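Please construct the entire structure, taking both the sequences and the accompanying hints into account.
Keeping their order, the protein sequence lines are chains S and Y. Note that the UniProt record's numbering has the first sequence beginning at 1, numbered continuously upward. Note that the UniProt record's numbering has the second sequence beginning at 1, numbered continuously upward.
One thing to keep in mind: the hints can contain errors.
As the list claims (entries may be wrong) - In silico lysine-lysine, DSSO-like type, Cα no more than 30 angstroms apart, as pairs:
id	chain 1	residue 1	chain 2	residue 2
1	Y	K74	S	K64
2	Y	K193	Y	K74
3	S	K99	Y	K99
As the list claims (entries may be wrong) - Where chain S lies over chain Y, by a calculated footprint (3+ residues, C-beta under 8 angstroms):
id	region
4	70-77
5	121-127
6	159-165
7	176-189
Claimed, not checked - Partial chain Y-side listing against chain S, Cβ under 7 angstroms, derived:
id	residue
8	V15
9	S19
10	T116
If you are wondering where the hints come from, they were derived from the structure by calculation, not from laboratory data. Owing to the predicted nature of the structure, the values given are computational and were not obtained by experimental measurement. Positions of the beta carbon are idealized from the N, C-alpha and C atoms, including for glycine.
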Amino acid sequence: MLFILDTMVSAAADTTEISASSFFGFMGVTMALVLANLGAGYGTFKAGAGIAAIGIWKPEIIMKSLIPVVMAGILGIYGMIVAVLLSQKVKNPLEYSYKSGFAHMASGLCCGCSCIAAGFAIGIVGDVGVRGNAQQERLFVGLILILIFAEALALYGLIVSLILSQS
Amino acid sequence: MSIMNWGNPYDWTAVEWQSATWGERFMYIDPYFWSYFGVALALATSIIGASWGIFVTGVSLLGSTVKAPRIRSKNLISVIFCEAVAIYGVIMAIIMIGKVQTIESYPQDQMAQCYTTALFGGYSLFWTGVSVGLSNLICGIAVGVTGSGCAIADAQTPETFVKILVVEIFGSALGLFGVIVGIIQCSGASFLKDCL
Chain S
1 MLFILDTMVS
11 AAADTTEISA
21 SSFFGFMGVT
31 MALVLANLGA
41 GYGTFKAGAG
51 IAAIGIWKPE
61 IIMKSLIPVV
71 MAGILGIYGM
81 IVAVLLSQKV
91 KNPLEYSYKS
101 GFAHMASGLC
111 CGCSCIAAGF
121 AIGIVGDVGV
131 RGNAQQERLF
141 VGLILILIFA
151 EALALYGLIV
161 SLILSQS
Chain Y
1 MSIMNWGNPY
11 DWTAVEWQSA
21 TWGERFMYID
31 PYFWSYFGVA
41 LALATSIIGA
51 SWGIFVTGVS
61 LLGSTVKAPR
71 IRSKNLISVI
81 FCEAVAIYGV
91 IMAIIMIGKV
101 QTIESYPQDQ
111 MAQCYTTALF
121 GGYSLFWTGV
131 SVGLSNLICG
141 IAVGVTGSGC
151 AIADAQTPET
161 FVKILVVEIF
171 GSALGLFGVI
181 VGIIQCSGAS
191 FLKDCL
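Written out as structure tokens, the structure reads:
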């Protein structure tokens with residue numbers, strides 16, 4: 001069978017066997033993008049609902065309250081970076097080993113899952129934060145600090161996925 | 001048991017399939033199944049996302065218009081943003097259908113390489129479809145929920161419309177990310193590379 005150790009550690013695939021390694025490589029590309037977009041979308045609409053709620057009675061602070069939405073959008077950019085990077089590596093079907101396929105799958109999952117987690121955090125904190133900021137201006141700095149900690153989670157995932165994509 | 005010993009899997013008998021491992025069963029799923037299923041996913045999930053966005057924003061728009069009829073025409077732009085998501089899905093599906101290449105036959109001595117290349121094309125299109133479809137799904141939901149908030153806020157305070165539209169634009173960028181990555185991903189898809 002093809003999932004044997006020899007095939008997995010060799011740099012070039014054995015050309016007398018069929019190889020399904022590109023399935024996992026492309027899975028990494030997709031997972032990086034899709035999961036990051038899920039997080040970005042959740043952050044956008046959750047914080048956006050809060051902004052719409054406060055905009056009714058305090059429209060002058062809407063522009064400042066867009067910060068959670070911008071930070072959620074950045075998560076989508078992270079996912080796209082990793083997806084484009086990985087899709088350049090999943091090129092030649094005949095020289096794409098299982099090791100590379102699994103490494104790229106892991107890379108995509110790392111970036112994607114971290115970004116979806118960060119997106120949920122940014123969305124929920126952003127929603128409550130902008131509603132509170134409309135009532136008490138001194139909340140703003142605390143809100144920004146919490147959002148930065150949440151964004152750092154996505155950055156950790158991006159770093160590990162960039163390291164994995166070099167395999 | 002490798003393909004070189006047994007020849008073309010489409011000619012296998014029931015006895016040969018009995019002793020096939022799960023890995024071989026997975027790999028002998030037809031590459032064309034993967035490609036066309038990817039096309040279907042790209043289209044279907046994009047359209048589900050667009051419809052989700054349209055109904056979420058539509059109910060708020062229609063409800064708010066009862067008391068503030070002036071918002072009706074301006075807030076239709078949220079519905080148009082959601083419709084654009086469906087158009088992205090249609091465009092990508094048509095591009096992906098154009099990438100599927102027909103393989104007439106395999107030369108027997110290059111069977112493994114040619115089939116691996118066909119699998120490469122099939123997997124590429126499948127995962128492209130998942131990328132595009134799920135990105136457009138979340139984009140549609142995000143734009144819909146934000147558009148719903150926009151309509152309700154606009155009905156009460158007109159100056160908020162343009163500012164909340166900025167949030168919708170951030171949301172619709174997600175669909176564009178999906179299309180960009182989808183185009184890059186399926187541009188390398190080739191069913192016939194280095195073969196025939």
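Give me the numbers of the hints this structure contradicts, sorted from smallest to largest.
Of the numbered hints, 2, 4, 8 and 9 do not hold.
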